Amino acid sequence: MQINELQFRLERLGVSSRILHLRVGAYDVDFALNKAATDVRKDKDVPGFRKGKAPLKRVLAAHYRQVTSKAFNELWSAGLRQVFKQLEDIDQPLIPPELDGDEDKWPRPAFGEMLDFSVSYVVDPMRVADAMDPSKQQERDPLMDLQPSLPYHGAPRMQGPAGPPDMGPSMGQGLPQPADPIGSSD
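Residue numbers (the numbering used here): 7 to 192.
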């Protein structure tokens, strides 16, 4: 699941402790609740309806705890996955955080409302120490900043008569010349 409205704030406590505060937008909460209710509807019975045919609001009312727990679990894991991709190396968790086993303490998502939650975790103190130690940081070569960076992860780019492959006649490079079928006598 991709969360579109995700805000986070990282709080550093000491050398190796972090608290991550996340806020998920109302649209994403509604989407997760609908998805969770649809999944629960397939497996659970709702009185007065055939299995899998009950309206989502009835499923939510009959199985509120299971639907909200499933939605929160999905938002929690997707939110952490997205945020950890954006954090620096020194803020990455040493061990991935896990949800507490007590579902009663989990925040309950509700339709039309944002969801706020916090996660505390431990980072690798050696990685933090290495990042803070100036003797272990690599010195930057100012001449490397002047070198052109190659696209496609360092692969050389092929040049043709019309320019690079992603630029054609519409980019003002001219028309490619057809090959001489007889051969040239140059």
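These are computed hints drawn from the structure, not numbers from a lab.
What you are looking at is a predicted structure, and each value in this text was computed from that prediction instead of being measured.
Glycine included, every Cβ here is placed at the ideal spot set by N, Cα and C.
Hints may contain errors.
[As the list claims (entries may be wrong)] Straight-line distance between alpha carbons at most 30 Å, and here's what the computed DSS-like set of lysine-lysine pairs gives:
id, residue 1, residue 2
1, Lys76, Lys59
2, Lys48, Lys59
3, Lys63, Lys111
[Unchecked claim] Have a look at the derived ranges for each label pair, beta carbon to beta carbon:
id, residue 1, residue 2, range
4, Glu94, Gly31, 17 to 27 Å
5, Asp122, Ser23, 14 to 24 Å
6, Gly54, Ile101, 25 to 35 Å
7, Asn40, Glu17, 12 to 22 Å
8, Gln98, Pro61, 35 to 45 Å
9, Lys63, Arg133, 19 to 29 Å
10, Lys41, Met132, 37 to 47 Å
11, Asp95, Lys63, 44 to 54 Å
Here's how the hints hold up against the structure:
| no. | hint | in the structure |
| --- | --- | --- |
| 1 | Lys76 with Lys59 | holds, 20 Å |
| 2 | Lys48 with Lys59 | holds, 8 Å |
| 3 | Lys63 with Lys111 | holds, 24 Å |
| 4 | Glu94 with Gly31: 17 to 27 Å | holds, 24 Å |
| 5 | Asp122 with Ser23: 14 to 24 Å | holds, 20 Å |
| 6 | Gly54 with Ile101: 25 to 35 Å | violated, 46 Å |
| 7 | Asn40 with Glu17: 12 to 22 Å | violated, 32 Å |
| 8 | Gln98 with Pro61: 35 to 45 Å | holds, 43 Å |
| 9 | Lys63 with Arg133: 19 to 29 Å | violated, 48 Å |
| 10 | Lys41 with Met132: 37 to 47 Å | holds, 40 Å |
| 11 | Asp95 with Lys63: 44 to 54 Å | holds, 45 Å |
Hint check: violations occur at hints 6, 7 and 9; the rest are consistent with the structure.
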